[in-house]
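Undergrad: Next come the chains, spelled out residue by residue.
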Amino acid sequence: MTETILEVKNLEANLEDGDKILKGLNLTIKAGEVHAIMGPNGSGKSTLSKILSGHPAYKVSSGSMNFLGRDLNELEANERANLGLFLAFQYPLEIAGVNNLEFLRMAYNSKQKYHGLEEADPLDFDDLVESKLEILSMKNDFLNRNLNEGFSGGEKKKNEILQMLILEPKLVVLDEIDSGLDIDALKAVANGINAYKNTGNGVLMITHYQRLLDYVVPDQVHVLSEGRIVLSGKADLALELEKKGYDILNAKLS
Amino acid sequence: METKSSSILENLNSQEYKYGFTTELETDSFPKGLSEEVINRISRIKNEPEFMLEFRLKAYKAFLKMTEPEWALLNYPKIDLQDVIYYSAPKKKIGKNSLEEVDPEILKTYEKLGIPIGEQKRLEGIAVDAIFDSVSVANTHKKALAEIGIIFCSISEAIQEHPELIKKYIGSVVPHTDNYFTALNSAVFSDGTFIYIPPNTKCPLELSTNFRINTKGSGQFERTLIICDDNSYVSYLEGCTAPAFDENQLHAAVVELVTLDNSEIKYSTVQNWYAGDENGKGGIYNFVTKRGKCAGKNSKISWTQVETGSAITWKYPSCILLGDNSIGEFYSVALTNNMQQADTGTKMIHIGKNTKSTIISKGISAGKSSNTYRGLVKMGERAKGARNYTQCDSMLIGSHCRASTVPYIEVEGDSNRVEHEASTSKISEEQLFYLQQRGISLESAIALIISGFCKDVFKELPGEFAAEANQLMSLKLENSVG
Chain A
1 MTETILEVKN
11 LEANLEDGDK
21 ILKGLNLTIK
31 AGEVHAIMGP
41 NGSGKSTLSK
51 ILSGHPAYKV
61 SSGSMNFLGR
71 DLNELEANER
81 ANLGLFLAFQ
91 YPLEIAGVNN
101 LEFLRMAYNS
111 KQKYHGLEEA
121 DPLDFDDLVE
131 SKLEILSMKN
141 DFLNRNLNEG
151 FSGGEKKKNE
161 ILQMLILEPK
171 LVVLDEIDSG
181 LDIDALKAVA
191 NGINAYKNTG
201 NGVLMITHYQ
211 RLLDYVVPDQ
221 VHVLSEGRIV
231 LSGKADLALE
241 LEKKGYDILN
251 AKLS
Chain B
1001 METKSSSILE
1011 NLNSQEYKYG
1021 FTTELETDSF
1031 PKGLSEEVIN
1041 RISRIKNEPE
1051 FMLEFRLKAY
1061 KAFLKMTEPE
1071 WALLNYPKID
1081 LQDVIYYSAP
1091 KKKIGKNSLE
1101 EVDPEILKTY
1111 EKLGIPIGEQ
1121 KRLEGIAVDA
1131 IFDSVSVANT
1141 HKKALAEIGI
1151 IFCSISEAIQ
1161 EHPELIKKYI
1171 GSVVPHTDNY
1181 FTALNSAVFS
1191 DGTFIYIPPN
1201 TKCPLELSTN
1211 FRINTKGSGQ
1221 FERTLIICDD
1231 NSYVSYLEGC
1241 TAPAFDENQL
1251 HAAVVELVTL
1261 DNSEIKYSTV
1271 QNWYAGDENG
1281 KGGIYNFVTK
1291 RGKCAGKNSK
1301 ISWTQVETGS
1311 AITWKYPSCI
1321 LLGDNSIGEF
1331 YSVALTNNMQ
1341 QADTGTKMIH
1351 IGKNTKSTII
1361 SKGISAGKSS
1371 NTYRGLVKMG
1381 ERAKGARNYT
1391 QCDSMLIGSH
1401 CRASTVPYIE
1411 VEGDSNRVEH
1421 EASTSKISEE
1431 QLFYLQQRGI
1441 SLESAIALII
1451 SGFCKDVFKE
1461 LPGEFAAEAN
1471 QLMSLKLENS
1481 VG
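If you're matching them up, the sequences are chains A and B in order. Letter 161 of the first sequence, counting from 1, is numbered 161 in the numbering used here, and no numbers are missing. Throughout, the numbering used here is defined as the position within the second sequence, counted from one, plus 1000.
Please note: incorrect hints may appear among the correct ones.
[What the hints assert, rightly or not] Dumping the calculated DSS-like pairs for lysine-lysine here, alpha-carbon to alpha-carbon at most 27 Å: (1) A/23 x A/59; (2) A/139 x B/1112; (3) B/1459 x A/59; (4) A/156 x B/1368; (5) A/9 x A/30; (6) A/45 x A/197; (7) A/252 x A/23; (8) A/113 x B/1455; (9) A/170 x A/197; (10) B/1378 x B/1426; (11) A/170 x A/9; (12) A/156 x B/1032; (13) B/1032 x B/1091; (14) A/45 x A/23; (15) B/1091 x B/1112; (16) B/1216 x B/1168; (17) A/139 x B/1455; (18) A/234 x A/252.
Keep in mind that the hints were calculated from the coordinates and are not lab data.
Chain A on its own, in the form it takes in the complex (with noise of 0.2 Å):
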């Protein structure tokens, strides 16, 4: 029986002392599987992204949200990471002062000793980033910059992705990484999240248009509304959202 990654069910969820922004709703990502989540703005697709990993601003007011077995609700954003669950920013954060090259090795030996396995000298550790920055073709002196300071959009986005080949998640949850990218940068993250995927992990991707689903075709599509997902399909419903827009919504649900 093929493993359950992310199980989430009736999940209620509010900005602390704010409304109630998901409302009732239910998920189950198998190892192996890219599901795509689309949905029209305030629909709590970034929401969910930040309930899954953990982001100290959101509650969960009812529901679960299983991850490997796990009760997400009951770990730290950190420990959450360290399990394997990975957020892909919309707007990654800039860190001054803050070698990229050192967050990175902190970030994967943080997972390393979360597991009881040796950390990576820096010697070892350049060689496993070398492989991966080859993957999104991306220059080495990208390594020696500050942590996102100063980065063009596209640089952040393909940063956001070698974060996640080095760390090798078993979820991944990609939060609209395809806006603001030019075609080079969207073939290049298309080509890191491929190189991701494998039948042993998941992958999540919170995206507003079709042309990311071209290159990465996900196993099911998922329309959020209103903090639910109202529609569920193969890759072709994406095709016909964007076509049509989401007034087929209305037509369907009627």
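Since chain A is already given, all that's left is putting chain B on it; use the hints.
TA: Relative to chain A, chain B alone:
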């Protein structure tokens, strides 16, 4: 909105101050109080030549006419100078020639502080002068340095043995009339470090002084004088600690640096005086005047300071750029937490032609503390082609602290150039979440952001001290919630 990480940012407490212990020693201490008689006694105890006593008494006369400066953004009750002990020294004989003569209790104290005063530490390339309350108690490597003409000793000793150098240079950079605290220091200073680097000599060791205040109620008034002769170089590092007492203690030091032609002094400070408790009780009042004079052409003075301790910090290490093409640098990290207050910065006085100065100041405020950068860049008519670059960055942690920047820029002549950049930032929850989402713990995430913020300054610290400084910052901002 109060979330877990925001409440953590409000409550970053200093780890318990680990240098807060006291050493039980018999001391020779004067009774509290300041008078001409006290000054006479200090001079007599030190067996000083006549010129030194005259210097002190002149300063005292000037001091009596001066008042405590009030322009700094600092709030504290007036200091009662009659309530201070002006001289306190361990009773046992002071080992000037060999470490075996040093009171074992004092050696133990330095061991606890992690200060290498044993000769075996020579391998690390550091020579140390240890100042305990009012006197120098140990000085390592003196002989080896003397063989190449370098004088590294306590200032009391230098007054005895090198009066010509003292006469020529003491007060030549910081006149006793400079301010209230320099006048006081000039009258009552009890010890400090003296360094002379002869021409054409690169000092092979890192020279260092450790200042320790031990006795309750005593003030520390040290005087440091460093002269770097033609074509020479020295790197000097000072560290400061004190026991945790409920009462405030005064530290009023004067440091003077002189560089002659083509020479360079690199002066680094890691200040970790007792800061008081989280409610602002106790702690050192740190009123310090540090100034360097680039007297020679092509000479350079570089100040690097990491200020993490003291209840009050009032300190402006400055450079007088007199020689043509001389260079002044000021790299500073000032961290305040709880009720600490710091008003610190620099003065770059450009007099010579083509003089250059760089100021990089990083202020970090947490808790309910207040942190002010105050700096002057002054370029006279004669200073043709002078240039300055200033960058002042403040970081706020939590929402009850305060950061201020007060730059003064005075430029005459049209060939001079001044650049000033300033920024204020907060550690954001989003940044912390980003790092945590990569598996990094909240505490490590805060430390990483702070270390990135301070990088441009820490990289100026000699050798292993950069790593130590990073560690010190983490200890000062520990999360007391999680």
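Undergrad: Sort out which numbered hints this structure fails and list those numbers smallest first.
TA: 2, 3, 4, 10, 12, 16
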